[in-house]
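Visitor: Chains A and B are the protein sequences, given in the same order.
Quick note: the first sequence, position 73, residue 72 per my numbering, numbers continuous.
So the mapping is simple: my numbering equals the position in the second sequence, first residue as 1, plus 273.
No lab work stands behind these hints, which were simulated from the structure alone.
Don't take every hint at face value.
As the list claims (entries may be wrong) - Mimicking SDA-like on lysine to any residue, the simulated pairs with C-alpha atoms at most 25 Å apart in a straight line are:
hint, chain 1, residue 1, chain 2, residue 2
1, B, Lys611, A, Arg117
2, B, Lys611, A, Met118
3, B, Lys584, A, Arg209
4, B, Lys447, B, Met761
Stated by the list, open to error - Chain B stretches covered by chain A per the calculated footprint, using a threshold of three residues with CB under 8 Å from any CB of chain A:
hint, stretch
5, 593-603
6, 611-618
7, 625-637
All residues carry an ideal CB built from backbone N, CA and C; glycine is no exception.
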Amino acid sequence: MNPRIARFLSALGPLFGLLFVIGIFSASEEVRPYFLTGGNFKIILTQTVIVAIGALGMTLIIVSGGIDLSVGSVVALTSVFAAKMVLQGFDPVVVVLLTVLMGGFIGCVNGTIIASFRMMPFIVTLGMMGVVRGAAKWMGNNQTVNPPKNPLNALMALSKPQELIPLPMGVWVAAALAVIMAVVLRQTVFGRYIFALGSNEATARLCGIRVARQKILIYALAGLFFGLSGLMQFSRLTQGDPSVAVGLELDIIAAVVIGGASLSGGTGSILGSMIGALMMAVLRNGSNQMGMPTYMQEIIIGIVIVLAVGLDKWRQSRGVRQTGS
Amino acid sequence: MTPRLVMRNVKKSFGATRALCGVSLEVQAGEVLALIGENGAGKSTLMKVLSGAYLPDDGTIELDGRPFVPGDPLHARQGGIEMIYQELTLAPHLSIEENIVLGGEPSRWGWLDRRKRRALAMSALHELDQGDLPIDAPAGSRPIAEQQIVEIARALVRQPKVLILDEPTSSLTKRDAESLFRVIRRLRDRGVSVIYISHFLEECQALSDRFTVLRDGESVGSGVMAGADLREIIRMMVGREVKDIYPRMPHQLGEPVLSVRRLAGRNKPASVSFDLRAGEILGVAGLVGAGRTESLRAIFGLDETRDGSVKVFGTESAGLSPRRRLDQGVGLLSEDRKAEGLLLGRSLSDNLTLTRLGPVSRMGLVSDRLQATTTTAWMKRLDVRAQGAEQAIGELSGGNQQKVAIGRLLHHEARILLLDEPTRGIDVGSKAQIYRLIGELAVAGKSIVFVSSYLPELLGICDTVAVMCRGTLVDVRPVERWTEHEIMAAAIGQAPVPQS
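All chains, please: the whole structure from these sequences, using the hints.
Guide: See below:
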C-alpha cells in the first residue's frame, strides 16, 4: 500500500471508532432524542475540553517516549491557585497567565530532573504526582476555595443549553490550540525532533539534537497545557478543589493512546488524540443518557481502551510486509 | 548415502512479493555448506522456512530421507534444526550458564537441579573447547565473540542435526572468527551439518565444503568449495561480473582539516593522534575493543573526552557537542545502524534530512513535499531500492539502510565524514557502491575517516591507514607502506616490523 494512503487511513482509524460509538448510541430509539441533539453535543464538547487540552501536552510527551503522571495533581493545584488569586482580587488576565505558567513551571521541574539525572519519567512524575497533590491541599487548606462570581467562569459556562451554538469559549480555545499544536508537532523542527527523540534517543543525539534541552522544553510546554487544563477545571467548577481530577492523567493518556500514539514513543498525532478525548467524553455521556450506572461506564471505557489499541496493533501488524534478506 | 537435509524447489511469497521462487539445496551429515547471496536474495527467508518461522508455499523438505515441514520453531527444533541469528538472542542479565540451558532447565518437580545445570552447560562448552569461559558472569558483560560461543553452546545442548549460522562473524575480529571456525569444524567432525551464511567469500572458502548461491530467491548454482573460482561465485551472486570492487580514483590531498593530538576518553581511547587532510581517506584498523569506535565518538562529541586536543579546520575545539560538530561540517556514521544510526520506525525522508531540516523548510515549517523530493533525489543518486521516500526505513535491507544513513551525511554536506564500519553486514553490490561513493567524496575534496575490521577494503580504498591497539593509535602510514601482515602485527601489539 502507498505509505501516504496508509498514513491517512491510520489517522482515520480513531475517527471511524468515534463515529461508530456515536452510531451505537444513536441507534437506540429511546436514547436518540436526548443524545443526538445540539445541546447534548455542546455538553460533550465542553466536557472534553479539560481532557483535550491536557492531551495536547501529553501527546508531545508520549511521542517523545516519555509519560507524565502528575497531570491530575497539577490540574488540582492550578485550579486552587487560580481560585485563590481571584479571591485576592487579581485581574483575570493575570490569573490566566500565572496559572498557566505555574503548570509550565512544574513541567519544567519534571523535565529538568528527567533530563539531568537520566531518570525514568514514570518515576519522576509519579513522585511529582504526590508532591503536587499535597501542595494543592496545603494551598487550599484541605478544602475547596470559593471565590466570588468572576469573568473566568464564562470560559466553560453553558448559555442557551438547548442549542449547539454558541459554544463556550473553552471549546474554541481548545480547538485553536489543537490546530496550532498539530502544526507545531508535524511541521516544525521542534516537532520533528520530538518524533526523532521518541523513535530512538541514541539516533537523536547522533543527529545533533540537544536531547536534554529538548526534553525539558517538551515537559515545560506540556506543563503549560496542564496549567490551562487546571484553569478550565476551575472555571467549570467555579471553585478551586484540591481533591479534584484524581486519575485525570489516566484519562488523558487513554485519549492519546486511543488516538494512535504508542507508549514506546515515536508515533502519535494531535488529531488522533483529540478524537480520542472526544471518544472518552461521548462514551461517558452516551452511557449516562442510557441510564447506565457509573460502574458500567467504567467497565465499558476500560474495554474500549484495550479494544482501540488492540485493533490498532492488529492493523499495523497486517500492514507490515515481511522482507527477506 | 542419504543426505541429512534436502530442500527441493521451495517457494514462498508474501502478498505480491516473491521472496523465494524455487530454491533447492542439499547438505550431508558432517558437512559445512556455505549459503551465499546478496542481501535480499532470500537467504534469511529460506532459513526462516527451515527453522519453522514461515511455512513454505510449495516444494519439499526432507530430513534424513523423511519429509519434514516444520510447522513452527519448536517443531523445527524438535526435528534437530537449530538456528543462530545474526542478532544475538541472549538474555543479558542471566549468567552464561543460565543462558546455555535457557528453555531446557533440568528440574525435578519444578525445582531447578543446579548441579545438573552446571554439568550440562560445562559439557556443551567443553565440546566447543571453550571450558574456560566465566560461566557465572552475566552474558551481557562479555565480549560479542564470547556471547556468540554461548549461543552455539545453547544450540549444542539440544543435540542438533543441522546448525544454521547467519552472518556469525560480522562483528568479530579475525582472531575471534578463527576460533569460531575451529568450533564449527569441530562440530562438523562430530557429524553435525552446518549451514553457514556469510558475505565474506574468503571466509566461506576457508570454512566450507560446498556452497550454494542464491540470487533473487532462486538457487543459481552450487558446487564443491575446494578449487572453486571466487570470481565465478561473485558473478553468480550479482548476475554480472564485478570487475573492480575497489575503485581507485585519483584525488589530491590538501591542507589538514582535522588534527587530533593525544585524545583520551573516559575509558578509551588512551591516546590518539593523527592528521586528516582535505580529500584524504584515512583507514583505521584494529581489533574490536581497540578503541576505534570510541575515538570517533570522542571526536564527534558523543563521548566525553578526558584530555587532548581536536582541531577542526584550524580551530581548537575539543569537547564540543554533536550539534556543534555538525555545524562545523563533521558527520558521524554509527557502527550500529539499528540501535543508534537510524530511526527504524520513521520514513526514509525523516532519516535522511534530520540533521539539516533548513533546506526542506519553507517559512520555518518543514515541508513534507520538499523532504520527499530531496530524499527521492538522494535515493536515485545512491541507488537506494525502496518503495518511496515515505517508507519506514526498518523495512529496507541492510545495504539500502546504510546508503540512507550515509545519505544523511551527504545531505548535511559534511566535509569531514567519520565512517564507523560502513560496510558491515551489507551485500557485495552495496559495498562496491559505497567504496565508489567514498572515492567520489575524496575527489570532491571531502575528508573521510574509515574505520573497518576488514583489511582488504582498508588496503583497497584508503590513502593512509592508522592502526589502533589497546586504546592507542600506534602507527600511521601511507597505504603503500603497509602489508596486511604488518597491520595485523601492529593491531595485536607486536613490535613494529622494521621498514625495509
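Visitor: With reference to the structure, classify each hint as holding or not holding.
Guide: Consistency of the hints with the structure:
no. : hint                 : verdict
1   : B/Lys611 to A/Arg117 : 22 Å, holds
2   : B/Lys611 to A/Met118 : 23 Å, holds
3   : B/Lys584 to A/Arg209 : 22 Å, holds
4   : B/Lys447 to B/Met761 : 9 Å, holds
5   : 593-603              : holds (count 6)
6   : 611-618              : holds (count 7)
7   : 625-637              : holds (count 5)
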